[in-house]
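Visitor: This is what each chain is made of:
Protein chains: 2
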Amino acid sequence: MGSKLTSRKTDYSKWYNEIVVNADLAENSAVRGCMIIKPYGYAIWEKMQAELDKMFKATGHENAYFPLFVPKSLFEAEEKNAEGFAKECAVVTHYRLKNDEDRPGKLKVDPNAKLEEELVVRPTSEAVIWNTYKTWIQSYRDLPILINQWANVVRWEMRTRLFLRTAEFLWQEGHTAHATKAEALEETRLMNQVYADFVENYMAIPVIQGTKTASERFAGAEETYCIEALMQDGKALQAGTSHFLGQNFAKAFDVKFATSEGGLEHVWATSWGVSTRLIGALIMTHSDDNGLVLPPNLAPIQVVLIPIYKGEEQQNEIAEVASQMKQALESQNIRVKFDNRDKFKPGYKFNEYELKGVPLRIAIGPKDLENKTVEIARRDTLTKTIVSQEEVVAFVSSQLESMQEDLFQKALDFREDHITEVDNFDQFKTVLADKGGFISAHWDGTTETEEAIKKATKATIRCIPLEPAQETGACVFSGKPSNQRVFFAKAY
Amino acid sequence: MGSKLTSRKTDYSKWYNEIVVNADLAENSAVRGCMIIKPYGYAIWEKMQAELDKMFKATGHENAYFPLFVPKSLFEAEEKNAEGFAKECAVVTHYRLKNDEDRPGKLKVDPNAKLEEELVVRPTSEAVIWNTYKTWIQSYRDLPILINQWANVVRWEMRTRLFLRTAEFLWQEGHTAHATKAEALEETRLMNQVYADFVENYMAIPVIQGTKTASERFAGAEETYCIEALMQDGKALQAGTSHFLGQNFAKAFDVKFATSEGGLEHVWATSWGVSTRLIGALIMTHSDDNGLVLPPNLAPIQVVLIPIYKGEEQQNEIAEVASQMKQALESQNIRVKFDNRDKFKPGYKFNEYELKGVPLRIAIGPKDLENKTVEIARRDTLTKTIVSQEEVVAFVSSQLESMQEDLFQKALDFREDHITEVDNFDQFKTVLADKGGFISAHWDGTTETEEAIKKATKATIRCIPLEPAQETGACVFSGKPSNQRVFFAKAY
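One line per chain: the protein sequences are A and B, in this order. Taking my numbering, the leading residue of the first sequence gets 68, the next gets one more, and so forth. Taking my numbering, the leading residue of the second sequence gets 68, the next gets one more, and so forth.
Just chain A, same shape as in the assembly:
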């Protein structure tokens, strides 16, 4: 604490890592690529989970739990999905350790405890779940199945970054089964909309909804819907995806149902997920060179009360006022911490909570006792206001509300400023290099062009927007005809 963060301008990536570590959100562990989510970071995840879980249940979903391990023979059943994840699978091959005769007190893998069939640590659960749905689904009466799972998954990524890309991460994965294509498509879109609502209303991050191109789709999906956000460094971040899986998994696992008309058909599937990666997006969207900035709706502590005093008597007088204020705020469901620790100075505490992104800080000193006031500082604007003690609850409530709105609006303004329509490839490269953000450009619809642009610029098509301005034009790269602009960007 006290030592300044690297500024965003100096080194955005370093700034990000310093916030994650110094704000006590997470840290690297002894296991390559796996992170430790510290209590403060986990408290944000719990708030996110609670809101998402409510939204899933409100749309008819139930939670369940499926095994961590996927037998290799199940994993490989849906070939595209298997191919997509094969290169990053942690594989369990043995089920026992034994004493190492050569190194007393140490252990080694027991060669006699080799598994007959290797187990893949789930990178995603379609395989193990569809192998189960096979026994759950016989008739149209058994449909739809609307299940969500909160779980850990493992993808052996080579380059990892805290929250953004880790070998193990926490997520939720929805897996639904439907009698018709139309119903499955509706579910796919509904859940993408749920994600958009959550990310915009709770995380205060504006998103663009769209679909992925064939090459950016989830392995095994026929269509991938997504929400795309824009970070302060001009790079995009995929914040959530919702997949229409067609009948691919039903065919791979032979899941058929008797229709109400007496036929026998393969079941239609969706899957959708968001992960702890969202915390990375949260940090990168709102935070500043002083540290984390948290939207009030997700802040574990919304208001911190800090006493400023000399001597025990004054501390006690202030503590009485602060405790009453805490109670009054809590009665309005506001999350409050009263930091009355004597071993730290007020300035140290100010820094700490600024770094940790607590939305509002209330300081109470001897003068405030006299005047029946407090000083309230707002984390996003860094403004300070003297407020009479009587009006604290009303002031805090309205500031929390407006801060939530202002953070969204600020991020939206930034995003809108960073969508640039571009009509030739030179301009494409210049905008990408100088300004970043989303580039709205015509594309001829081929994977070849997409690949060529990616190779030349590192920009990918983030999405084909759901609500495009229908307009004809020429592909920014090939010059071939196009009737819709798509969004390109460099991305996390």
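Don't read these hints as lab results, they were simulated from the structure. Keep in mind that the hints are not guaranteed to be accurate.
When chains are identical, the list treats them as one kind, so a pair holds in a single copy or across two.
As the list claims (entries may be wrong) - List of simulated lysine to aspartate or glutamate pairs, EDC-like, C-alpha gap at most 16 angstroms:
no., residue 1, residue 2
1, 201, 85
2, 404, 129
3, 181, 224
4, 175, 384
5, 323, 490
6, 410, 209
7, 165, 150
8, 201, 321
9, 175, 150
10, 154, 177
11, 557, 501
12, 154, 167
Go by the hints and put chain B onto chain A.
Guide: Chain B only, in chain A's frame:
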């Protein structure tokens, strides 16, 4: 549905498995020993989690998340702990699959992707957590650390049973660090008390608190506190444990702190956990030959409303009354389901909810419309009462409350009836064979005697009770002097 369960008398173990599967709680998966927790079973776990989590937070604990994998070198650092779990570890040795040239479309482990150091899938997280605490703890100011984790763990058990013993299970594990032995011991006892309160007040299962003998202790602990419950077949079930780990992990991971007096000392540790195993205890304590019986405090559905009608018009009339009733009950925070499915007959629904242990069933038929009444059936007693519609909310509230109490009292009466004081070994064997339950007997305090009794009878010392009647006597096996009775039982 409809087909009767095996009775407890005929085959207790079969009865248990049938309830788990037929009440839609869980089922076996394609992965040996790993279960699928189905939505209804998971909803019970969610209720349990929510209450426990509140209790942990109320006692000052925070949640965090540590990696799934433990590098072998960390795993083996605390030797007793490592030895205790080495024989049941799932081990990740590779991080990639590749195409199998010999079997087109299939995958095999890529021999070039062998990990330099094997990773153990956590059977418990002391090692990975204490390796982390090492960097978090420098001074007495950093203590105590009071952290809990909700997670999945893997223990490669050879004989598995749904909920009771599975290769993967869900649990919470608390891991705390303290400056003094006294504080760590206080924490150990506090969390055992929290478990006792939860299990008695929410699960309606009476427990005996005690400590384990040296041979039954957690691997690496200096003292293990536990809560022991009694199942209807007279076998005991360990429902939760809280361990005083002394300085063992601090020494293994070299975790020292500067004391306030300027010294340097090893940190004191505790860990404590309960798991999805508790759901097995819940089932076996209260259920009957008709199916599951759930205590209202944990029932996902507390009241089910079932309409009895002929024709659409009658269905609509009843639905109106039922919907209003549902709303009135929900306004009192009662969890209600209105099952208005037309494709199933009332009798089928009655069976289904009886099997699923829903505490109260409200049936509304045409006569009830006329008389402004309903019929309310209580799951535990199978009694039916005609209640006027006006009084439904009050009646339901009081019945849910009394059912919660009655279930506990019934289980307590059974448990008290099944604690038998025994003073010689012949009697010990007879009681164990004919009656089961807890045997309260004198023990000479040696591991030899404990082992000899276990070998002769399969009974183990479940615990040394916390509140013993101090009395001198002679060991039931060796005749040597003893000054306290302990509890023996066969156990799950």
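Visitor: Tell me the numbers of any earlier hints that the structure contravenes, in ascending order.
Guide: Those not satisfied are hints 1, 4 and 5.
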